[in-house]
Structure formats: structure tokens, C-alpha cells
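So the protein lines, in turn, are chains G and U.
Add 41 to a position in the first sequence, counting from 1, and you land on the number used in my numbering.
Add 41 to a position in the second sequence, counting from 1, and you land on the number used in my numbering.
Calculated from the structure, these hints are not laboratory results.
Values in this document were obtained by computation on a predicted structure and should not be read as measured data.
Treat the hints with caution; some may be incorrect.
Just so you know, same-sequence chains aren't split out, so a pair can sit in one copy or run between any two.
[As the list claims (entries may be wrong)] With a Cα cut of at most 25 Å, we get these calculated PhoX-like pairs of lysine-lysine:
(1) K302 with K71
(2) K290 with K211
(3) K407 with K65
(4) K91 with K395
(5) K395 with K407
(6) K407 with K71
(7) K107 with K290
(8) K331 with K211
(9) K320 with K65
Listed here are the chains, written in short residue letters.
2 protein chains.
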Amino acid sequence: MKWIDGGVCAAEGFQANGIHVGVKSRNAEKKDVALIAAQVPCSAAAVYTKNAVKAAHILIDREHLKNGQARAVVINSGNANACAANGEANALRVCQSVAAQLGCSPEDVLIASTGVIGQELPASVIETGVPALAAGLSHTASGSDAAANAIMTTDTVKKELALETVIGGKTVHLGGIAKGSGMIHPNMGTMLCFLTTDCAISAAMLREALLETVTVSFNRISVDGDTSTNDTCCILANGMAGNACITEKNGDYTAFAEALKALSVRLARAMAADGEGAKHLITCIVSGAKSVESAETLGKSVISSTLTKAAIFGADANWGRVLCAMGYSGESFDPDGVDIAFASAAGSIPVCEKGRGLVFDEELAKRILTEPEVEIRISLSEGSAECTCWGCDITYEYIRINGDYRT
Amino acid sequence: MKWIDGGVCAAEGFQANGIHVGVKSRNAEKKDVALIAAQVPCSAAAVYTKNAVKAAHILIDREHLKNGQARAVVINSGNANACAANGEANALRVCQSVAAQLGCSPEDVLIASTGVIGQELPASVIETGVPALAAGLSHTASGSDAAANAIMTTDTVKKELALETVIGGKTVHLGGIAKGSGMIHPNMGTMLCFLTTDCAISAAMLREALLETVTVSFNRISVDGDTSTNDTCCILANGMAGNACITEKNGDYTAFAEALKALSVRLARAMAADGEGAKHLITCIVSGAKSVESAETLGKSVISSTLTKAAIFGADANWGRVLCAMGYSGESFDPDGVDIAFASAAGSIPVCEKGRGLVFDEELAKRILTEPEVEIRISLSEGSAECTCWGCDITYEYIRINGDYRT
Numbered sequence: 042m043k044w045i046d047g048g049v050c051a052a053e054g055f056q057a058n059g060i061h062v063g064v065k066s067r068n069a070e071k072k073d074v075a076l077i078a079a080q081v082p083c084s085a086a087a088v089y090t091k092n093a094v095k096a097a098h099i100l101i102d103r104e105h106l107k108n109g110q111a112r113a114v115v116i117n118s119g120n121a122n123a124c125a126a127n128g129e130a131n132a133l134r135v136c137q138s139v140a141a142q143l144g145c146s147p148e149d150v151l152i153a154s155t156g157v158i159g160q161e162l163p164a165s166v167i168e169t170g171v172p173a174l175a176a177g178l179s180h181t182a183s184g185s186d187a188a189a190n191a192i193m194t195t196d197t198v199k200k201e202l203a204l205e206t207v208i209g210g211k212t213v214h215l216g217g218i219a220k221g222s223g224m225i226h227p228n229m230g231t232m233l234c235f236l237t238t239d240c241a242i243s244a245a246m247l248r249e250a251l252l253e254t255v256t257v258s259f260n261r262i263s264v265d266g267d268t269s270t271n272d273t274c275c276i277l278a279n280g281m282a283g284n285a286c287i288t289e290k291n292g293d294y295t296a297f298a299e300a301l302k303a304l305s306v307r308l309a310r311a312m313a314a315d316g317e318g319a320k321h322l323i324t325c326i327v328s329g330a331k332s333v334e335s336a337e338t339l340g341k342s343v344i345s346s347t348l349t350k351a352a353i354f355g356a357d358a359n360w361g362r363v364l365c366a367m368g369y370s371g372e373s374f375d376p377d378g379v380d381i382a383f384a385s386a387a388g389s390i391p392v393c394e395k396g397r398g399l400v401f402d403e404e405l406a407k408r409i410l411t412e413p414e415v416e417i418r419i420s421l422s423e424g425s426a427e428c429t430c431w432g433c434d435i436t437y438e439y440i441r442i443n444g445d446y447r448t
Numbered sequence: 042m043k044w045i046d047g048g049v050c051a052a053e054g055f056q057a058n059g060i061h062v063g064v065k066s067r068n069a070e071k072k073d074v075a076l077i078a079a080q081v082p083c084s085a086a087a088v089y090t091k092n093a094v095k096a097a098h099i100l101i102d103r104e105h106l107k108n109g110q111a112r113a114v115v116i117n118s119g120n121a122n123a124c125a126a127n128g129e130a131n132a133l134r135v136c137q138s139v140a141a142q143l144g145c146s147p148e149d150v151l152i153a154s155t156g157v158i159g160q161e162l163p164a165s166v167i168e169t170g171v172p173a174l175a176a177g178l179s180h181t182a183s184g185s186d187a188a189a190n191a192i193m194t195t196d197t198v199k200k201e202l203a204l205e206t207v208i209g210g211k212t213v214h215l216g217g218i219a220k221g222s223g224m225i226h227p228n229m230g231t232m233l234c235f236l237t238t239d240c241a242i243s244a245a246m247l248r249e250a251l252l253e254t255v256t257v258s259f260n261r262i263s264v265d266g267d268t269s270t271n272d273t274c275c276i277l278a279n280g281m282a283g284n285a286c287i288t289e290k291n292g293d294y295t296a297f298a299e300a301l302k303a304l305s306v307r308l309a310r311a312m313a314a315d316g317e318g319a320k321h322l323i324t325c326i327v328s329g330a331k332s333v334e335s336a337e338t339l340g341k342s343v344i345s346s347t348l349t350k351a352a353i354f355g356a357d358a359n360w361g362r363v364l365c366a367m368g369y370s371g372e373s374f375d376p377d378g379v380d381i382a383f384a385s386a387a388g389s390i391p392v393c394e395k396g397r398g399l400v401f402d403e404e405l406a407k408r409i410l411t412e413p414e415v416e417i418r419i420s421l422s423e424g425s426a427e428c429t430c431w432g433c434d435i436t437y438e439y440i441r442i443n444g445d446y447r448t
């Protein structure tokens, strides 16, 4: 497995583009619509938010994915198209205009949105921009770059990755772009993530691999505990790598799923690290748990704790807040069997053993927690299961961004 | 029912005091130990945090409350005595020293703590201060005032209330002091609340009334979603009002429970309004729900949403975040049947009808949300149940306070 450039255009037979069409009226510089298109029909799968309030595009996509096939994904980053008038009709209009440009059926076009909730999607504005968007499609890295930029909102860093691996004797590519930042506490998919691959794989196996992957990547991050109405993670597989098509859970499936997980975990980490206003990526590793689910519940409670996030912002080794967050997670465990340590590039320091505080070097702890990437290592005495979750600190900047997001 | 002065000393036969004994070494001005004492044995009841990680005082109190009786409560506000060495032994030592001064059994003394988690309770420091603490006990309003000040940590406002009502033909008094501020998302009791009454009521009925009360008051507030290890709400009833002792759920019980709820709801609101760094008290009223539980789940999700809290901080009428928080609450409801309005002393404004955004006067909305107390009114189309919850906004100040709490 090798990390490469090219994002969603790294796989054979995929093109992408992103331009400003005016969904966001405020900033004419900001690209706001992206398109990812495949030269041939693809196996496709997607997972969506479990929020009971769902964006309209999710209903459209579910229809369009009934046959497990798709050709393109169109995304706007200015309007959530959630709780808005004519949501489904507007989403469908955009799919139709993209299909007309690509010469495929509207049912082969998926759509996703992110932005303000409750305002009508300016479908006609997007329609006006679609011809230029399609005309500029490129299968070079610059196409993926444009698309990755076009889906950003308050993100400060573009999330774009690709890798190459060998499956069934053929070189296979996998790439993705994502956006995160705020309203990130995914429950099923995450804010927005689009993956492409030239691997030959059936729609059923692709869906299976995507579900496995989302569980251990995007569903294990949190920025602010707010599960969005728009979370979407979708993948297109066009089969152009020429490997024997994966139609069952064989060794090739495992190799593909491992590659997909590696890619998605990196994208998820990048999302957590670039949480709105964040200064620290927090990795929480829970080991010695009675099950992976138990470790995950405890770890997610820790990375979601506002007080723990504030402590990390202040580089304060306040491990009591970590144990406290574990305690209210709803998971049962023996507090007297808990060890906690903080670690980073600057070293590691045990701060709690068997549920009791240790005397530790406060200066070293401060240095460790001042690093941009910090780990909270929690060891239980319940069993041997382990889980890693990712979050970020909460900062003045988060408040500033979200005190004035809509206006 | 009439609001009166005097806090926990408003009821006949109760004394209180609060002094600096040095549990908090940093600030010699800050009172840090409080004592509430009754002249005669009291019926007593308490509820505690449901956090799996519990402060040591909770285990001691449960023992001491087995007979449903108590005479005094001693509280320190510098050390949580949670996850700390010798937690139970130290708590017991403090009870013993108080009992020696008051001439009662150590089993009649309850204890509570709040402060940093994981450091050993300086029991000997507290023991040294107990004689002066007991000697200064007063049944005037100044005694309650000293105790209310001594239990404060990052609170900016003292929480102290009392009321007078008639039960069984006798004038009965009920008073309380509380602390809130951070790590407030009570699940059973709240951070710390101590209530006294001269009403004659059995321990069993007192417990029943306390449970009913906590459910509709302290359990309906949130500051930061972090359920503390130390939440404690306890009540002492000395019977000195001379009413016929309440031993069953009769009319007198109802009158007592109503008075207790009125007092507790005001204390809970005060805690939410004085949440760490808060500039706004947020009252969320959910009506038209299928059950009170459903309304409560939805309302608590809204007041706990970091993004909603940040929007109120910015006086931004971002109702999409309210609907989004309802959507991820886990409660089922029809999003297309939801109306939302914002209200305050400056007026009220509907912003969402049947799940869709309304065109509204942004200037008026801003004026409404700039008031210190704002309401989020949510109306569902599921039934006729209703619930009110209280929270606060999240501010730069919250981050500042919690980025550097321990050191």
C-alpha cells in the first residue's frame, strides 16, 4: 500500500472539477460547486446521517442508488438543502442538468449539499453553472484539487488523499476528498466524503466495505457533538483496474476493505484535526476494554467532553475530566482499574493509575499537551478490546466562528 | 406561597456558617468550607450523580442516610474527593470532627465536596477549621449567606432562595443554597444543592418529594453536557413548623412537593443562567409532544447543542441548529410538524413553520436574542405533552475558565 497524489482523480477513469457558481453570494472567490464523474458506469454505495432531520438530497440519492450504480456526484457547499422549500424537486433539477451534460441518466447522478439549514436551494443558479463545471472536468490532480476546494466551508485545510495497492494481481487506486470542520459528530457517514476507486467490485460488496469502514473511521470522530443533517459518505468504483471483480468476502475483498479503511481513517483524522477553530488533534486510545463497542463508547465520550476539550486547549493535564467523561458515558467499567497517560511527540506521562492520581511532572505534562497532536491513552482492566477515536480541542475561535455563521 | 429571605436559615431551627479554612490554598479570601446544622434530628434525603465515577463522600452519605435521619451537612468547595487516595476515610474524619463539635453521632453528619478531581482531600486542614466553623453557626440570614458563598467555585452569583407556604394550617419554610457553573449536566442531582425545611415530613415522603422535584428542576438544566462525579442534592426537614407530620401522599404532601419544586426550579434556572462564562439564560419550551419524556429528550438535546449555544451567544437566529439538535436526540418525531419561535423581553418571532424556514425580520430577531434571557419555543404536532429545560450560551469566557482550571 502506497500513498500517492491525485485524490479522487488518482483512480483510472475519474474526472473532477470545482468552480464558483454563486450558491454562496458572499464570496465570489470561493468555489462552491464540485463535480466528480466517471467515464463508465460504476458500482456505488453511500451512507448517510442518522439524524431524524435529513437533507433532501439524501432521499434523492437513496432512489438513485437502488440499482447500486452511479456515474457522477455533484456537491454544493453553500446551502444544506435541509428543512427547505422544494428540497427534493430542487435536488432533482440539479441532477438532471448534470446528466444532460454528461449524457447519462439523472438516476446515475448523486447529489450532496452542505451549508445553511432552512433556505431554499438556488437550483437555477447551480443549473447555470453546470455547463462550465462539466466542461472543465479533468482527470489530473488539479481536477481533484478543484473539487476538494469547492466542498470546503469553514475548513482551513483541504482534505484529499489517495493510495495505491495490489488486489488480485492488479494495481488498484483509491482516492477521496472530504470536508469536516463543524457540526461534526458523525452517526453513519460524516459531513461529506467522496471516494473513488478503479477496483472492480460489486455494488453489494462495495456497500459492505463502506459500512465496515465508516464504523472504524468517520463514526469515531467528533468536533462538537452535533450530528449534522447532511452527513454523506459515498464511493464510486468503476472497475477499470482490471482485477477480477470482487463479489464475495474473499482475500481480495479483505485487501480492498483494508485499503479503504486506511484511506478513510486518514481522512477522518484530518477532519478532526481541522475541527472548527481547533489547535490540537486529540487521539484517544482505549485498551483493555471488554468489547470494541465498550471501548468506543468510552473513547467517544472522552473526545466529546467539552471540559476535556477545554483542558487540552489550555494544555492542562486535567485527567479527572477524562475519567469523569468515561463515567457518564453510560458504559459500565471499574473506575479503580483505570490507568491514564498523556502522550505526544514531546514524550508520554502516566497521570492516573488504578483510578487514583499519580504525582507527575507538571512541566513535562504541559510540554506534551502543547504539541499539535496529543494522545489520551486509557487502559482498563476489563478485557483485551481496543478502540481509537479522534477529536479536537475547543477554542475561542470555535465560538467566534459559530456565533456568527449564518449572517 | 411567598418568597422570603434567609436561604437555608429561613426555616426554624437551622443554623449555617461558611469560612476559609485553606482547602483552596490559592485564595485566602475565599470561604471554602460550609456547615448547615439543625437543632434537632431531621428527616433527610439526598440524590446523587449517576456518573459511574463517584466522589467518595457519596458512599459515606449513603451509609449515613440508611436510617433516613441527619443533623448536619458539611461541604468543601476546593477538592472533589473523587478518584483520590483515602477518599472514604478522609470524608469520615471530617464527619467525625463535625459530630464532635455538634454533640451528635458521626452517622448524623452528611458531607459533600466540589473541586479538582484526583487530589487527596486535606482532611486535617478541614479538621483544624471545624471548631471555628461550628462556633460561628448562626440562624440569621448572614449564616446562610456565608454558607452559600463558601460552596461557590467559578460561580459568579450566589444561589440562595427561600419561601414560606401554609401546610396543614401551619406556616412552613423552605430554603436552599446551591452551586453550579461548570461540569453541569445533572443526571439525578446537580452539582451541589442543600435544602432545609421546618416542615414535618417522614423520611420516605421527603425522599419521594425530592425525587419528583429533581426530575423537573435540576435534571432539566445543562451548562456543558458534562455530568459531574459529585452532583449532590440533599434536604433536611426538622419538623419544627408543627404541622401534622406528612406520612402519605395527601393534600399536605402535594402542597409541600409544589413548594419544593418552585424553590428548586428557581435554583436550577439560576444555575443555568450563571453557567461558566454564560451571557444568556436559554429557556427551551417544547410543547405538542407525545409525552413529557419525549419533550424532555428533545429540549435537553437543544440546550446541550454546542452549535445552538454558540448561535445564541452570537444572537444569531439560526433555528436550523435547533431542528438539527432535535433530530439527533434519538427521539422520534415528524420534522414537518415542527414550529419554532424565539422570544425574550424584546418580543417574539416565529422562524420555522411545519419544518420550513419563514421569512422573518432579522433585525428584530437580533434584538430578541440580545436580551440576557431568551426562549426557544418549539411546538410539535405529536400530542399535548410539554416540558421546559434551561441552559446557557457558550462563550470565550467558558473556554478561558476551563482551559486553565486546575493549575
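Against the structure, the hints:
Taking the shortest Cα distances, K302 and K71 never come within 25 Å of each other, neither inside one copy (31 Å) nor across copies (53 Å). Taking the shortest Cα distances, K290 and K211 sit within 25 Å of each other inside one copy (18 Å), while across copies they are farther apart (77 Å). With identical chains, the CA atoms of K407 and K65 are at most 25 Å apart between copies only, with a shortest distance of 22 Å across copies and 42 Å within one. Taking the shortest Cα distances, K91 and K395 sit within 25 Å of each other only across copies (21 Å), while inside one copy they are farther apart (37 Å).
For a Cα distance limit of 25 Å, the shortest separation of K395 from K407 inside one copy, 22 Å, qualifies, whereas the shortest one across copies, 51 Å, does not. Taking the shortest Cα distances, K407 and K71 never come within 25 Å of each other, neither inside one copy (38 Å) nor across copies (27 Å). Taking the shortest Cα distances, K107 and K290 sit within 25 Å of each other inside one copy (22 Å), while across copies they are farther apart (59 Å). In this homomeric assembly, K331 and K211 never come within 25 Å of each other (Cα to Cα): the closest approach is 39 Å inside a single copy and 57 Å across copies.
In the homo-oligomer, the alpha carbons of K320 and K65 never lie at most 25 Å apart, since the shortest distance is 27 Å inside one protomer and 31 Å across protomers.
Taken one by one, the earlier hints fail for this structure at numbers 1, 6, 8 and 9, listed in ascending order.
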